[in-house]
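Q: The chain contents come next:
Protein chains: 2
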Amino acid sequence: MVDSHNNNSPHQVVIIGGGFGGLYAAKALAKADVNVTLIDKRNFHLFQPLLYQVATGALSPADISSPLRAVLSKSKNTKVLLGEVSDIDSQGQKVMVGEDAIAYDTLIVATGAKHSYFGKDNWEEFAPGLKTVEDALAMRRRIFSAFEAAEKETDPEKRRAWLTFVIVGGGPTGVELAGAIAELANQTLKEDFRNIDTSEARILLLEGMDRILPPFAPELSQAAAISLSQLGVVVQTNTLVTNIENEVVTLKQGEGTREIASKTILWAAGVKASAMGKVLAERTGAECDRAGRVIVEPDLSIKGHSNIFVVGDLANFSHQNGKPLPGVAPVAKQEGEYVATTIQQRLKGNTLPPFNYIDRGSLAMIGQNSAVVDLGFIKLKGFFAWLFWLVIHIYFLIEFDNKLLVMIQWAWNYFTRNRGARLITGEASLGSVPIDNGSSNYPPVNIKQPLNA
Amino acid sequence: MVDSHNNNSPHQVVIIGGGFGGLYAAKALAKADVNVTLIDKRNFHLFQPLLYQVATGALSPADISSPLRAVLSKSKNTKVLLGEVSDIDSQGQKVMVGEDAIAYDTLIVATGAKHSYFGKDNWEEFAPGLKTVEDALAMRRRIFSAFEAAEKETDPEKRRAWLTFVIVGGGPTGVELAGAIAELANQTLKEDFRNIDTSEARILLLEGMDRILPPFAPELSQAAAISLSQLGVVVQTNTLVTNIENEVVTLKQGEGTREIASKTILWAAGVKASAMGKVLAERTGAECDRAGRVIVEPDLSIKGHSNIFVVGDLANFSHQNGKPLPGVAPVAKQEGEYVATTIQQRLKGNTLPPFNYIDRGSLAMIGQNSAVVDLGFIKLKGFFAWLFWLVIHIYFLIEFDNKLLVMIQWAWNYFTRNRGARLITGEASLGSVPIDNGSSNYPPVNIKQPLNA
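Those protein sequences? They're chains A and B, same order as listed. Sequential numbering from -12 applies to the first sequence in the numbering used here. Sequential numbering from -12 applies to the second sequence in the numbering used here.
So that you can see chain A by itself, here it is in the shape it has in the complex (with noise of 0.2 angstroms):
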């Protein structure tokens, strides 16, 4: 199939990537007159700030996904097409799918980030990352068995291991990963086994900086390192990761080095670009930063490519206050309306001015009745901050026709401490739970990676 395109026919707009900044753009070009084709490898967009929910049992992958075919089956301008692009042909202004060429006027990049390792990559076989639904599920499989494990081990050192939880990365993600375990362990399995106490497990939260939330106030920063500690958590900041292996994290803590034996280590310390930024690169000249992010111009166009945009985590926009903005939903979703303005302008002969971040403050929750909330004006946390959260998460989730759904899980949850999607489910958990390979001897570590290079 060639989308072959004449000047007679509309504009040909073609979105990569179905997340926040892909999907708003889409949105916003609804009505206009222009042809829209949204290319992603999934067929749903992903409401990836509540994947955590999904990793810690408290909801189904479905209750934070929208399929894109129904967000946008009322825009009739608009095709999506499912499949992954392979390469971008900037000369000939098409992406190739597959053996498909689709022509484009105007390309949106919208393909997010994963996670880094840091140059670490087999650290991702120990330390799973949250990124995709698979990554969650994967992720709620760990934890669960790990509980399993422990409730049949009788060696008191190893299920100690199976007990410990290391969670690398004291972001949003990570905070949110802690207070949901500690939860877990605290609350809602207390009464479930015989052999074990679930309150004995211990969650570690690991941060390089010297205080978690570092997007944060400090005093939220404070605030929330408290709520943590009074859940359970042990949270250490000023701690580089230098090793992961098998069932143990080699620490730095100043001068010191420390090993922790445990069997569910957990990955939110950081995150690269896609692929694609590179693909940008080799075929636009585009430059990219260390963190393979594209450096755009104050439009979100490349340099020299004025009809290519890039929206979201794989943007570098540096023109707000010298630092790249966040790699948060709503910035994605701000550029990808600004662009889908742009184009629309653009066909009428108009310019907009450069693009504008407007940063309505960053949350964080982190367990039943407490979380933070920097507005910058206002500093919320404990209750109130809670309370405002699931507003504002309910609300943003209003769009995608999940809202009564969540709201009522949450609710239920709420009131019976209970999380029913605690499935170990996959094919890896058809066995059985997972086995002690019985080596306890690891080699000493002497790599030195810090943990926010």
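No lab work stands behind these hints: they were computed from the structure. No experiment lies behind these values; they were computed from the predicted model shown. Be careful, since some hints might not be right.
All copies of an identical chain are treated as equivalent in the list; a pair is satisfied when it fits inside any one copy or across any two copies.
[To be verified] The calculated DSSO-like cross-link candidates involving lysine-lysine, where the alpha carbons are at most 27 angstroms apart (straight line), are:
| id | residue 1 | residue 2 |
| --- | --- | --- |
| 1 | 177 | 265 |
| 2 | 28 | 139 |
| 3 | 66 | 239 |
| 4 | 335 | 290 |
| 5 | 18 | 28 |
| 6 | 66 | 18 |
| 7 | 101 | 290 |
| 8 | 177 | 61 |
| 9 | 61 | 101 |
| 10 | 335 | 61 |
| 11 | 66 | 139 |
| 12 | 177 | 18 |
| 13 | 335 | 63 |
| 14 | 290 | 139 |
| 15 | 28 | 366 |
| 16 | 28 | 66 |
| 17 | 118 | 259 |
| 18 | 366 | 177 |
Using the hints provided, position chain B relative to the given structure of chain A.
A: Below, chain B without anything else, positioned relative to chain A:
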């Protein structure tokens, strides 16, 4: 770990399997003066009658599952053990779980059934069945990927094969799957695609007998067939499947044979007993029927082993009317509860009358506002049957805490004609939609394996 046992400790009951049979036995023993160990490979009970709704994107796996530990958390005499039983030692009165021997005084075996391809195990690859959460997610992936592939396909013949869904077996599962896929094609997905008209999908329901839903009264079978036709399902009775290969089903109808090109072939035709039936036969001399089910005594025990009971789909209980009881949830549930009562009465020196199944009727959902209900003394079809189906399923889900959530999900789906859980997930989905292998020539088929052998 060896659970040794002496005469001073309470009576040890070991239950293998946490389906309806095993779980209801465990629940009925919660207050008894016995120790119970429930062993299952999975950490959750699955409400199998609603699995077809997961396969067709209406519900999430967690909606129809309950963690076994949560269901039994208040039964303080009950331990849940996650693991697979590899062997039974009826002399030494213990079961083997990996390296561990679990001692029992009374054993209840409730490991259920799996798909049967009547000796043609190679059909499984092309025509997956529906017994586990993973089965349902794989089926969901196939169904929604087929529409995606059709949207991309330009060759009309291949597109037709992508839009042809063949369901083998006209029992309740087959009827429910066919009805749900028809509603997907005609309602849910109608506005979602740009190149295909999803309502052109062909949905074929194949049944070897002379009518669908053989356990129901003939007039209800006929009503169901009419309702399905109105939804656009082509019902073919007296139709034997003689071969299934990649993308082609061969049928025998009377003297003629026919080939149907279909990329989505779903198996709802038959089951056989799980492997534990064979283990029991070898270790206790128990007799099995052709489907591998263990033939049980009037009290559900095995001949010569009064302390080993078999319940649910694994049991062949033929003492009521000469025919084995069907493999449905109410039979398993009543059998599990009967055995629990028997154990308690025996400890008091009493014996119970033989097991007697009280058949409260059969139900099958066809589509929105349409179902069939056969209670014997009353037969319902259409809207009232549908309402009855809803009430009964909600009622039975009550015990699993998911009532409210499923009810709201259903109400939501009903009013919006939506099915939000239509995610294509799993390892196999991470690339793209299935690729046509280009081969459409099949060798002539000579195998005459009847569908309902």
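Q: Compare the structure with each hint and give your call.
A: Status of each hint after checking the structure:
1. When the C-alpha separation of residue 177 and residue 265 is checked against a cutoff of 27 angstroms, the pair qualifies neither within a copy, at 48 angstroms, nor between copies, at 38 angstroms.
2. Only between protomers do residue 28 and residue 139 lie at most 27 angstroms apart by alpha-carbon distance; the minimum there is 14 angstroms, versus 40 angstroms within a single protomer.
3. Taking the shortest Cα distances, residue 66 and residue 239 never come within 27 angstroms of each other, neither inside one copy (51 angstroms) nor across copies (41 angstroms).
4. In this assembly of identical chains, the alpha carbons of residue 335 and residue 290 lie at most 27 angstroms apart only when taken from the same copy (22 angstroms versus 87 angstroms across copies).
5. Only within a single protomer do residue 18 and residue 28 lie at most 27 angstroms apart by alpha-carbon distance; the minimum there is 25 angstroms, versus 52 angstroms between protomers.
6. Proximity of residue 66 to residue 18 under the C-alpha cut-off of 27 angstroms is restricted to the intra-copy arrangement: shortest distance 14 angstroms within a copy versus 60 angstroms between copies.
7. Taking CA atoms no more than 27 angstroms apart as the test, residue 101 paired with residue 290 passes inside one copy only; the shortest distance there is 24 angstroms, against 60 angstroms between copies.
8. When the C-alpha separation of residue 177 and residue 61 is checked against a cutoff of 27 angstroms, the pair qualifies only between copies, where the shortest distance is 11 angstroms, while the shortest distance within a copy is 47 angstroms.
9. Taking identical chains as interchangeable, the C-alpha atoms of residue 61 and residue 101 are never at most 27 angstroms apart, the minima being 31 angstroms within one chain and 42 angstroms between chains.
10. Taking the shortest Cα distances, residue 335 and residue 61 sit within 27 angstroms of each other inside one copy (24 angstroms), while across copies they are farther apart (68 angstroms).
11. When the C-alpha separation of residue 66 and residue 139 is checked against a cutoff of 27 angstroms, the pair qualifies only between copies, where the shortest distance is 11 angstroms, while the shortest distance within a copy is 52 angstroms.
12. Taking CA atoms no more than 27 angstroms apart as the test, residue 177 paired with residue 18 passes between copies only; the shortest distance there is 21 angstroms, against 53 angstroms inside one copy.
13. Taking CA atoms no more than 27 angstroms apart as the test, residue 335 paired with residue 63 passes inside one copy only; the shortest distance there is 21 angstroms, against 73 angstroms between copies.
14. In this assembly of identical chains, the alpha carbons of residue 290 and residue 139 never lie at most 27 angstroms apart, being 59 angstroms within a copy and 34 angstroms across copies at closest.
15. In this homomeric assembly, residue 28 and residue 366 never come within 27 angstroms of each other (Cα to Cα): the closest approach is 39 angstroms inside a single copy and 48 angstroms across copies.
16. For the homomeric pair residue 28 and residue 66, the shortest alpha-carbon distance inside one copy (14 angstroms) is at most 27 angstroms, but the shortest distance between copies (43 angstroms) is not.
17. In this assembly of identical chains, the alpha carbons of residue 118 and residue 259 lie at most 27 angstroms apart only when taken from the same copy (12 angstroms versus 40 angstroms across copies).
18. With identical chains, the CA atoms of residue 366 and residue 177 are never at most 27 angstroms apart, being 33 angstroms at best within one copy and 47 angstroms at best between copies.
In this structure, the hints that do not hold are numbers 1, 3, 9, 14, 15, 18, in rising order.
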